[in-house]
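Place chain U on chain L using the hints.
Here is what each chain is made of, one letter per residue.
2 protein chains.
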Amino acid sequence: MKITDKISNFAKQSRPFYSFEYFPPKTDFGLENLYSRMERMANLEPAFVDITWGAGGSTADLTLEMSGKIQKFFGLDVMMHLTCVNMTQKSILEALTAAKSHGIKNILALRGDAPQTSESSPKADGEFQHAKDLVAFIRKNFQQEFSIGVAGYPEAHQESGGDWRRDAHFLKEKVDHGADFVITQLFYDAKAFLRFRDYAKEIGISVPIIPGIMPIHNYSRFIKFTDFCGVAVPDSLKSRLEPIKSDDSKVMKVGIDHCVEICEELLSAGVPGIHFYTLNLENSVTEVLVRLKLTEDSRERKAFPWRQATTDGRQQTEEIRPIYWSNRTASYLARTSTWDDFPNGRWGDSRSPTFGELSDYHLLRSGRSSTKAREERKEIWGEPINETELYEVFAKYCLGTVDRLPWSDVGLQAESSPITETLVALNRAGFLTINSQPQVNGSPSTHPAVGWGGPGGFVFQKAYLEFFTTPAKWKALKANLKAFPSMTWQAVDFSGDYDSNMAEGAANAVTWGVFPGKEIVQPTVVDTASFKIWRDEAFDLWLNDWAYIYEKGSPSRKLFERVHATYVLVNIVENDFISGDLNRVFQGLV
Amino acid sequence: MKITDKISNFAKQSRPFYSFEYFPPKTDFGLENLYSRMERMANLEPAFVDITWGAGGSTADLTLEMSGKIQKFFGLDVMMHLTCVNMTQKSILEALTAAKSHGIKNILALRGDAPQTSESSPKADGEFQHAKDLVAFIRKNFQQEFSIGVAGYPEAHQESGGDWRRDAHFLKEKVDHGADFVITQLFYDAKAFLRFRDYAKEIGISVPIIPGIMPIHNYSRFIKFTDFCGVAVPDSLKSRLEPIKSDDSKVMKVGIDHCVEICEELLSAGVPGIHFYTLNLENSVTEVLVRLKLTEDSRERKAFPWRQATTDGRQQTEEIRPIYWSNRTASYLARTSTWDDFPNGRWGDSRSPTFGELSDYHLLRSGRSSTKAREERKEIWGEPINETELYEVFAKYCLGTVDRLPWSDVGLQAESSPITETLVALNRAGFLTINSQPQVNGSPSTHPAVGWGGPGGFVFQKAYLEFFTTPAKWKALKANLKAFPSMTWQAVDFSGDYDSNMAEGAANAVTWGVFPGKEIVQPTVVDTASFKIWRDEAFDLWLNDWAYIYEKGSPSRKLFERVHATYVLVNIVENDFISGDLNRVFQGLV
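Protein chains in written order, with my numbering: chain L, 217 to 806; chain U, 217 to 806.
Don't take every hint at face value.
[What the hints assert, rightly or not] Some chain L residues near chain U, calculated using beta-carbon distances under 8 Å:
(1) Y415
(2) E418
(3) S462
(4) G670
(5) A723
(6) A725
(7) W728
(8) I736
(9) V741
No lab work stands behind these hints, which were simulated from the structure alone. Where a beta carbon is used, it is the ideal one built from N, C-alpha and C, also for glycine.
With the rest of the complex left out, here is chain L (with noise of 0.2 Å):
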C-alpha cells in the first residue's frame, strides 16, 4: 500500500500514525535477529517501516533483500530509502526494478552522503546531483508506481550552511519535482520542527512533512550524532543528561521522558504521525508509544488476530489460518505463497498437501549456520544434558529470561502474561509448550491485548495449549482428558502414530468476532489436516533449529536426538471458552 494512502486514511479518522526506521544489520546473526525484533515490533502497528540505504549503495543488495522480504513475511508496508550520490542512472534503474518486482510501493528518495573514501581514491562523480533529480528521474521512468518520499531538514542540511529557510525553498524544488510526503531529519527541540513546518507551508509546499525522532539511548552517541548533524539539543535537555550522562539506563530513562515531551508537543501541533529513528532498538520507542497512549487503539487497526499480508492478493482474500503457526508467521507465509485462495481447499487435500517446503522459510533466517550463530544460541539455551535441564529452557522462555525458542521467532506473545506462572509450572514438569492462547469471552475488539477486527465488536478465544511431551506423560494425560468431554485434542509422535477426537478433516475455530452488521468472522481454527504439515515442521526444529549447536555424539545433542524420536507433540483446546479450565487436566500431572 502507498503511504501516501495510509496517510490520508489515518488521517480521515483524525488519528496520527507512526513509523519505524531500521538498517541494515552487518552480520547475518544481527540480520535473523533484527526480524526478530521487528516482528515484535510489528505488532504495535506502526504504518510503515523503512530501511536505509547504505552510503553510495554499500548496503543495495541487503536493503532491497530486507525491503522484499519484510513486504512478503511480516504484513508490514515497506519503505525503501535510495540514495543517489555516486549511483549512475543504470543502478538505479536496477534497483528501482528490483524494489518493484518485490512489491515494493515506497520509495524515500535521498541524496545520500558520498562514501567515505581514503584520500588516494578518485571521487566518483555520478550521474545525479541533488535529491530532486532522483525524484524527477522516478517520476520519469515510473509513473506513479511509487510513492515517493523527501528529507527535509527543520535545522538545515549540514552542508547548507544552518540557514533552514534556505533548505526550506530546497525541499520546494523536491516537492515540486514530483515528491508525495516529507519525513525530517531528528531533532530536539519541537519549536524548530514546527517553525520549519510552517514555514514550509507558507511557500506552498502542501504534502505532509512528517517529524523524524530519535530517542537518546547513549550520552555520548548521542553527542556525537547531534554535533555531527548540526541538531541543536536545547540547554533544558542538556542540564538533564549532563549529571546522569554515565549512567546509560538513566539516559534511556531521560530519553524516552524526552520523547514523550516533543511528541505531545508534536501531536497537538497536528502532525500527521511520527517517524522514529529506532537504531535498530526496540524498548525505547515502544516504551514512548506506550506513554504517549498511541498503541492503545492499534488494535483497532488489526483486521485479524493475525497480521495480514501486504501483498495484494493475498490481503484480499486470507481470512483463516490455522493457530500452529502462529509464533512462526513468516515460516507459514513461505510455506503458502503460491496459494491463489486461502485456505487453499480447506487446507489442501492432506494426500497431496500444497504446503511448500520448509527451506524457503531458513532462506529467510539465514544466520542459522554459521558458527557465530551457534555460539549465541549455545549462550541463549546453553548446553543441556538431561531433561531436567532441557525442562529449565523453556521454563526461562515462558519467563522471559530466554528470549526465543525454534517454535517461535518472537518472544512470548503479551497475551499469554496472565498464564506465565503456569505455563512455568508445566514446563518444570515436562509438558514443553510451544503455543498457547487463554480464554477470552466476549472481550470488546478494542481491547488493548485480545482485540481485533475494529471498533464495536466482541472477540472470543477458546484456549489452547500444545507441547510436546513424554509418551509416559501423554498416556497419564490421555486418562486424565477422559473426565473433561469439553476438551479435543489431538498428539503425534516423530513417526506419525496420530491419535485424537476430532474428527477427521475438522476445523475448530478458536477465535472468533462478532461484529455489528457482519457475519461471524473466524480467523484462527486447529485442524486436522494442516496439523499434519506442522507436525514435520515442529519435529524438525528439533533438529535443525536447536540438536545441530551441538557437536556430534555430544551428551547435549544425544538428548536432543532421542527428544525428537520419542516425544510426543499435543494439542488441546478446551471448547468451553465459557467456564471451562484447560489446566483442570493437568491434576495429579504438575
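Chain U only, in chain L's frame:
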C-alpha cells in the same frame, strides 16, 4: 428418513422418541388451522408424524396431499396410513406411487374398516383381505423403498373376540410378510401392553413395538371409544373420572395425569418410544411431554434454530436462512424450493432474484378464500376501523388471546415470552411487531427455550425486532437511533423507498453457536438482499391475508388499504448482545 433408521438412532443414544398422529380435517379452514397447530407441535421435535387414511380411502387425496406438504414444508418425517379393505391393487399402487413421488418413506399398512354403507348398497369385495397382504404387496412392488409399520392389538382387535394371544400370532404373520415395526392400538392399562409385548417377543417378533397412547379429552367420547374398540378401562381410572365426568377441563387434567403415569410405566419398562393419538389436539400431548421431561432434550435434536427440511438435498446442504421468514417457514421453503444450494448465491443476485412466487405458498394455505374462512378470521381479528383498534389486535397477539397474524403461521414463539410485556406496549404505541428474538449471550446449547445444535455447545443471539409503523413514528425513531451506534437497521415502505445503515449486500449473523471441535455455526442472518423479497411478501399480507376479509369500501377495508400504502416496515438489530438493550431506542415513543 425411514422410521426404522430413526428408531435405531434413538436406541443408540438410549433415548425414547415420540410421534404424533393426525387425521385429515373436513374443511379447508380446518386444514389451515391444523397446519398451524402441526407447525407449533413440530417444535416439540417428534420423531415423525402420521396421517390417517379415511375408511375405504375416503380421504385418500387429502391424506396424500397432507403427507406430501408436511414432508416438504414442515421439516417433519411423515408416515402415511394406507388401508386395503375395499381397495383395488391398482388404486393401492397409485397411492404408493404418489407417496413415493412426495418423498414419503414410511407407510402404516392397515386392513382398515369397511366403509359404513347403507344396507341397500352392496359391499365391495376388494382385492386385499388382510393387512399382511398389503405388506407383502408393498414389499413386492417397492422392495425397500418404504419402511412399513403395522398395527398391533394388545387387547385384541374388536373382531378377534378378545383373544389377544391370537392377535399376537396375526401380528407375527404381518411381520413375517415384511413389516418393520409395530404401532399398537390405544390402551389405558400399561399391563395389557407389556403382557402383549412380552408374548410377541416370545413368539419371535423382534421388530420394535411402539405403544399407542390417546390422552382423555372428554368423558363421553372416551367411554364410547373404549367401548367401540374393546379397550379395557382400569377401575382406578374409572373411579377418578366418574366424580368429575361432566367437567371437561377436570377430565382433561385427570387424563393428562393418567397419561403421564402410564407413559412413565412404559418408559421404565424399556419401550423405544411412544406414539400419541392426538385427535388433532395440541394441549394434552404437549403437557404430557413436558411433565415427562421428554421435551427437555428435544432441543438437542435440533441441528439449527430452525427446523431442517426432511427432503434429502436440502437437509444436507442448508445451513443458513434469513430471519424474516422465521414465523413463515412454509412460505420460505415454498419460495426457495427450486434452489440447488443454500443460500442460493447468497440469496441470489438482487437484480434477478430466484425466490419463487408467493402464490406457491397459497397452494399450501388454501383455506383462506372460503366465506367460512373470512368469517372465522373476522371472529379472530374483529373489524378494526381505526388505528387504535388495529394496534390492539397486535397487542392481543402478543398476549396470546389472538392466536395468529398473517405474518406468523404459528403463535408467538416460546422464546419471546420474556419480552411479552415490552411487545404489548410497543404494539399499543403503534409499533406493530411481526418478528422478534431476544438477546442470548452464551446459553448452553441444550437450553430448553433457545438451545440447538447438540450438547456441549453455547448459543448466542442478537436482539432483533421487526415492525410496521407510521412514517412519523419512524422519523422520530430514526432520530433516536443516532444515539445507538451499536444498532443496525433497515426501513422500507410499500413503494420500495429503502433506507438503512447496513452496507449493501451485508449479512448480519443474529444467531450463532460455538461447538466443540467445529467452526462457528451461524444459521440465521439479517441480510439486505433477501429483505427486498421479504418486503414484498410482508406488505402483500396486509391486503391478501387480512384486508380481503372486509367488504370493499368498508371502513375496515379502507383502514387496511391506508396502512398498506403508508406504513414503513422496519427491522432493528442490537449488535451488542452482551450489554445492549434494543428497547432503549424507543425511549420517549412508547
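Hints versus structure:
| no. | hint | in the structure |
| --- | --- | --- |
| 1 | Y415 | violated (42 Å) |
| 2 | E418 | violated (40 Å) |
| 3 | S462 | violated (54 Å) |
| 4 | G670 | violated (12 Å) |
| 5 | A723 | holds (5 Å) |
| 6 | A725 | holds (5 Å) |
| 7 | W728 | holds (5 Å) |
| 8 | I736 | holds (5 Å) |
| 9 | V741 | holds (7 Å) |
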